[in-house]
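**Q** Chain residues, written in single-letter form:
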Amino acid sequence: MIDKSSKGLLSESSKEKIEGLICIFPDKQSIILPVLHVIYDQLGYLDSKAIKEAASITEIPDVYFEEAASFYTMFPLEPVGKYLIQVCHNISCTLMGAESLIDYIKEKLGIKPGGTTADGLFTLVTVECLGSCGTAPVMRINDTYYENLTKAKVDKILETLRNQA
Amino acid sequence: MSFEPFLLTPVPDHDKIDVYLKHGGYTALSKVLKERTPEEVTQEVINSGLRGRGGAGFPTGRKWSFIPKDTDRPIYLCVNADESEPGTFKDRELMLKHPHMLIEGAVITAYAIKCNRAFIYIRGEFATEAHQLERAIAEATEKGFVGKNILGSGFDLEITIYRGGGAYICGEETALMTSLEGGKGYPRLKPPFPAVSGLYLSPTIINNVETICNIPHIMNRGAEWFKSMGTEKSTGSKIFCVSGHVNKPGNYELPMGISLRELLYEYAGGIKNDRNLKVVIPGGSSVPILTADKVDVKMDFESLVEAGSMLGSAGVIVMDETTCIVHAAYVISRFYQHESCGQCSPCRQGTLWMYRILDRIEHGKGKMEDIDLLLDICNNIEGNTICPLGDASVPAVRSSIKYFRDEYEYHIKNKKCLVQLDQRFE
Numbered sequence: 001m002i003d004k005s006s007k008g009l010l011s012e013s014s015k016e017k018i019e020g021l022i023c024i025f026p027d028k029q030s031i032i033l034p035v036l037h038v039i040y041d042q043l044g045y046l047d048s049k050a051i052k053e054a055a056s057i058t059e060i061p062d063v064y065f066e067e068a069a070s071f072y073t074m075f076p077l078e079p080v081g082k083y084l085i086q087v088c089h090n091i092s093c094t095l096m097g098a099e100s101l102i103d104y105i106k107e108k109l110g111i112k113p114g115g116t117t118a119d120g121l122f123t124l125v126t127v128e129c130l131g132s133c134g135t136a137p138v139m140r141i142n143d144t145y146y147e148n149l150t151k152a153k154v155d156k157i158l159e160t161l162r163n164q165a
Numbered sequence: 001m002s003f004e005p006f007l008l009t010p011v012p013d014h015d016k017i018d019v020y021l022k023h024g025g026y027t028a029l030s031k032v033l034k035e036r037t038p039e040e041v042t043q044e045v046i047n048s049g050l051r052g053r054g055g056a057g058f059p060t061g062r063k064w065s066f067i068p069k070d071t072d073r074p075i076y077l078c079v080n081a082d083e084s085e086p087g088t089f090k091d092r093e094l095m096l097k098h099p100h101m102l103i104e105g106a107v108i109t110a111y112a113i114k115c116n117r118a119f120i121y122i123r124g125e126f127a128t129e130a131h132q133l134e135r136a137i138a139e140a141t142e143k144g145f146v147g148k149n150i151l152g153s154g155f156d157l158e159i160t161i162y163r164g165g166g167a168y169i170c171g172e173e174t175a176l177m178t179s180l181e182g183g184k185g186y187p188r189l190k191p192p193f194p195a196v197s198g199l200y201l202s203p204t205i206i207n208n209v210e211t212i213c214n215i216p217h218i219m220n221r222g223a224e225w226f227k228s229m230g231t232e233k234s235t236g237s238k239i240f241c242v243s244g245h246v247n248k249p250g251n252y253e254l255p256m257g258i259s260l261r262e263l264l265y266e267y268a269g270g271i272k273n274d275r276n277l278k279v280v281i282p283g284g285s286s287v288p289i290l291t292a293d294k295v296d297v298k299m300d301f302e303s304l305v306e307a308g309s310m311l312g313s314a315g316v317i318v319m320d321e322t323t324c325i326v327h328a329a330y331v332i333s334r335f336y337q338h339e340s341c342g343q344c345s346p347c348r349q350g351t352l353w354m355y356r357i358l359d360r361i362e363h364g365k366g367k368m369e370d371i372d373l374l375l376d377i378c379n380n381i382e383g384n385t386i387c388p389l390g391d392a393s394v395p396a397v398r399s400s401i402k403y404f405r406d407e408y409e410y411h412i413k414n415k416k417c418l419v420q421l422d423q424r425f426e
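Those protein sequences? They're chains A and B, same order as listed.
Counting in the numbering used here, the first sequence runs from 1 upward without gaps.
Counting in the numbering used here, the second sequence runs from 1 upward without gaps.
So here's chain A without its partners, still in its complex pose (with noise of 0.2 Å):
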């Protein structure tokens, strides 16, 4: 059942974008994991009761997008901080100082993998392989890739975020 009483969660346009996608594919079925995207791309992480919205729109059960949610780890469960730090630990990055680079953010901002800044700014997570390992250390914030880490970039990268937001 959709509370009707309580303000939505996704805005105008995700519902705009959402309707979009119903009539592209061949199988209706298939738009499971572009609202997924459309949903965090807006809130950061994938809300149950945005989800529940979207399957409303789309007519499709809430649970397939449930089960997706929980299947596909890039998409948050929880809310997160302004910047989603994603380090790679993978091989290659492990090789060239991951272990390290983990060790120096979680000491600058004093949390742990998992962990969000008291301040709401920064979450730190550790991910797998993002594919490019010739600039390894790797991490990506957001949507954003940084390559090729070395403890000077890392401070003027979180030090040009905190100014940012």
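Possibly wrong hints are sitting among the right ones.
To be verified - Keeping only pairs whose Cα atoms sit at most 25 Å apart, straight-line, the calculated DSS-like set for lysine-lysine is: (1) B:K416 <-> A:K106; (2) A:K153 <-> B:K248; (3) B:K248 <-> A:K151; (4) A:K151 <-> B:K272; (5) A:K112 <-> B:K365; (6) A:K153 <-> B:K272; (7) A:K28 <-> B:K148.
Because the hints were derived from the structure by calculation, they are not lab data.
Just so we're clear, the structure is a prediction, and the values are computed from it rather than from any experiment.
Using the hints, position chain B against chain A.
**A** Then chain B, alone, in the frame of chain A:
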């Protein structure tokens, strides 16, 4: 004769359609639509000897020829851009710098297999690359290379970008299709093969980005030209993704069959800090490691199998003498237990056990019998799963024990690494 890369061509701004056109872009498509039947295109690709560049190395033209001739269902093309094999980063560069080569290749492929609907399944993290492709498709559509009645030929093709959600398994072709159909990316049993019953139970061809990028060149310059490069059974060029302890990591497009030594020392600048080479994983983390004495192996499908490994996706991961092999196996095993989709118990449980055992060895809590236990788990995963992910989790562990059992034993006895990875993040 010096080799000139044609996939990773150094033309600046090659992602812009005007530049691409100026350098001969879309001429292959225009020639094909005017002068060749779909069957002739397929035959040319068969003659070229082109084999899939995603990892399996299946002959591309033969795959296309498996589409049933009498089907009354729509035929689909899926371009596999879910590049996620650790150590592999070539498709990303192709899509960012040469998106029109991929689009032109996809249109020719679709024409050859009589398909009017193509999907490019791109890994979710590649947001910039997905936008780049969308922009390029819009450019190509405007010029009449994509869409209805392409170049007045009567052939239609719609291309849709489909973004994944960060699951390695979706690079496996049947999982890619179940993901595209909506929901979890669970692999399916083969047969039926996708060419017979694939996406939406229709005949479907799935080809890797690099494979597709080769198509316009083969149509322009012919199968004989393509076969003049590489070896008898591994024709053409290959993009080798070199990462790890080399001076110049990056993508190198070179003829198949180049020696690993030449790749590492002539192109990738040699081992960093003049250290000694310890091991190389030549085809992404899913293939067995090669020890330094194999450095003269030729980089092609057959020679690497002979040397005890595989070409795979040509993700060449280089480790120098400061690398602890137990640590490397531990990091790799963590990846497979994270990415196992959970459908088959040998993979779901086996990858987790391997990771837990390697974790305890790595952290000084291993027992001597753990080494044989790891090998036993390898034997119980391999060949017992629906898709190749389970099999792919085995080689790094098994081959590292085969070549460096003494290092495992040292690790267990002394509760620490035999060698310590150099501090490289400064």
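**Q** Taking the hints in turn, state whether each one holds.
**A** Hints, one by one, checked against the model:
A distance of roughly 24 Å separates the Cα atoms of B:K416 and A:K106; the hinted pair therefore holds under the 25 Å criterion. A threshold of 25 Å between alpha carbons decides the hint, and for A:K153 with B:K248 the separation of about 20 Å falls inside it, so the pair holds. Between B:K248 and A:K151 the CA atoms are separated by roughly 20 Å; this keeps the pair inside 25 Å, and the hint holds. With a C-alpha separation of about 20 Å, the suggested pair A:K151 and B:K272 falls inside the 25 Å cut-off, and the hint holds.
A threshold of 25 Å between alpha carbons decides the hint, and for A:K112 with B:K365 the separation of about 24 Å falls inside it, so the pair holds. Among the hinted pairs, A:K153 with B:K272 is consistent with the structure: their alpha-carbon atoms are about 21 Å apart, no more than 25 Å. Taken as a hint, the A:K28 and B:K148 pair is honoured in the structure, with Cα atoms around 23 Å apart against an allowance of 25 Å.
In this structure, none of the earlier numbered hints is contradicted; all agree with it.
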